[in-house]
Amino acid sequence: MMETTAHIDFIAAAYAAAVIVVGALIIWVIADYRAQTRKIAELEMQGFTRRSASDQPLRKTREAAKEEA
Amino acid sequence: MALLDLANPSRFLKLADSTIPWLGGATVLVAAFAVEQAVVAPNDYQQGATVKIMYLHVPSAWLGMLCWGLMSVAALGTLVWRHPLADVTAKAAAPIGAAFTLLCLVTGSLWGRPEWGTYWVWDARLTSELVLLLLYLAIIALWRTVENPSRAARAVAVLTLVGAIDLPIIKFSVDWWNTLHQGASVFRVGGSTIYPTILMPLFFMAGAFTLLFFTLLLAAMRNEILRRRVRTLRLMQANAVR
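Sequence order for the protein chains is V and R. Residues 1 to 69 (the working numbering) are what the first sequence spells out, left to right. Residues 1 to 242 (the working numbering) are what the second sequence spells out, left to right.
Note that these hints are calculated values from the structure, not bench results. Remember, it's a predicted structure, so these values are computed and weren't measured experimentally. Every residue, glycine too, gets a C-beta built ideally from N, C-alpha and C. It is possible that part of the hints are untrue.
Partial selection, computed: residues in chain V whose CB lies under 7 angstroms from chain R [what the hints assert, rightly or not]:
id : residue
1  : H7
2  : F10
3  : A13
4  : A16
5  : A18
6  : V21
7  : I27
8  : V29
9  : A31
10 : D32
11 : Y33
12 : Q36
13 : K39
14 : I40
15 : M45
16 : F48
Okay, the calculated beta carbon distance ranges per label pair [said to hold, decoys possible]:
id : chain 1 : residue 1 : chain 2 : residue 2 : range
17 : R       : L29       : V       : A24       : 16 to 26 angstroms
18 : R       : R11       : V       : A35       : 18 to 28 angstroms
19 : V       : A16       : R       : A240      : 29 to 39 angstroms
20 : R       : A238      : V       : I26       : 18 to 28 angstroms
21 : R       : P168      : V       : E42       : 43 to 53 angstroms
In silico negatives: residues of chain R with every beta carbon more than 10 angstroms from chain V [what the hints assert, rightly or not]:
id : residue
22 : E36
23 : I53
24 : L70
Using the sequences and the hints given, assemble the complete structure.
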């Protein structure tokens with residue numbers, strides 16, 4: 001038991017450091033994802049969409065027309 | 001799905017959206033099991049309970065190096081094959097690799113104080129690991145300094161390949177120089193010197209860290225692709241205003 005508790009402060013500090021570093025990475029990734037999707041939504045609300053995205057309905061219509069023909 | 005199919009960012013985003021929740025779930029399950037195994041693992045006959053710091057220190061050291069290896073392959077992808085996702089991978093991986101390398105250094109110091117009597121010595125293994133962290137910080141700084149993404153990607157790719165020289169130095173530093181850091185004890189000729197009851201939790205923890213790394217990497221790559229879309233839309237917005 002004494003062996004287990006001998007350097008418990010160093011062990012606890014190491015695991016706390018791991019929680020902080022991993023937690024910071026997870027928060028960074030989630031916050032960044034939310035920020036980027038929010039920015040894209042704002043720009044799309046203003047009518048700015050990527051050409052490939054805005055072409056999609058048109059492309060689908062053309063493909064449907066070809067299939068019908 | 002072929003590797004070339006993933007070159008299409010939209011396809012990659014679909015794959016990432018469907019994979020990240022499963023990978024995240026697997027990470028939580030394996031991490032819970034690995035932590036439980038680490039807690040119940042016996043103490044080392046010499047180190048006592050401080051051996052439990054190894055369950056964090058060793059996997060973070062492995063992943064810090066694996067991440068740079070991955071960035072080196074991505075650097076070749078940028079310079080040689082000009083794969084569209086290569087520089088996305090390199091940019092997304094750098095902060096994650098830096099975080100794991102930092103964790104390796106911090107946990108190593110916290111292990112060193114009770115075992116060696118010091119938090120830090122300028123021995124070859126510790127110094128080359130510190131150099132890896134500085135290289136990561138240089139890469140992150142370079143991404144932020146060069147405004148044009150494709151120019152930044154090429155500059156970063158060159159620095160990444162130059163920095164890859166540090167990987168064999170880290171690995172073999174304990175053989176080439178007389179270091180306070182112990183030699184290889186897990187993967188070595190003649191088998192591991194670690195007793196299985198201590199070694200198995202280390203492998204479980206390494207598995208959990210690896211799953212965590214790839215979950216974070218996929219998520220960060222998705223963010224980077226979205227960031228580039230924002231940039232494209234902003235350019236369209238600026239052109240429309242003119």
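Results of checking the hints against the structure:
1. H7: It holds, given that the least Cβ distance between H7 of chain V and chain R is near 4 angstroms, below 7 angstroms.
2. F10: 5 angstroms, holds
3. A13: This interface hint holds because 5 angstroms falls under the 7 angstroms limit.
4. A16: With a minimum Cβ separation of about 10 angstroms from chain R (threshold 7 angstroms), the hint on A16 of chain V is violated.
5. A18: 5 angstroms, holds
6. V21: 5 angstroms, holds
7. I27: I27 of chain V check fails; min Cβ-Cβ to chain R is 11 angstroms, beyond 7 angstroms.
8. V29: 4 angstroms, holds
9. A31: 10 angstroms, violated
10. D32: Interface hint status for D32 of chain V: holds (4 angstroms vs cutoff 7 angstroms).
11. Y33: Holds: closest Cβ of chain R sits about 5 angstroms from Y33 of chain V, inside 7 angstroms.
12. Q36: Nearest chain R Cβ about 4 angstroms off; hint holds.
13. K39: 5 angstroms, holds
14. I40: Interface hint status for I40 of chain V: holds (6 angstroms vs cutoff 7 angstroms).
15. M45: 11 angstroms, violated
16. F48: Holds, about 5 angstroms.
17. R:L29 with V:A24: 16 to 26 angstroms: 22 angstroms, holds
18. R:R11 with V:A35: 18 to 28 angstroms: 23 angstroms, holds
19. V:A16 with R:A240: 29 to 39 angstroms: 50 angstroms, violated
20. R:A238 with V:I26: 18 to 28 angstroms: Because 34 angstroms falls outside the window, the suggested range is violated.
21. R:P168 with V:E42: 43 to 53 angstroms: 47 angstroms, holds
22. E36: Nearest chain V Cβ is 13 angstroms from E36 of chain R, so the label holds.
23. I53: Not fine: 5 angstroms to the nearest Cβ puts I53 of chain R too close to chain V.
24. L70: 16 angstroms, holds
When held up to the earlier numbered hints, the structure conflicts with 4, 7, 9, 15, 19, 20 and 23 and fits the remainder.
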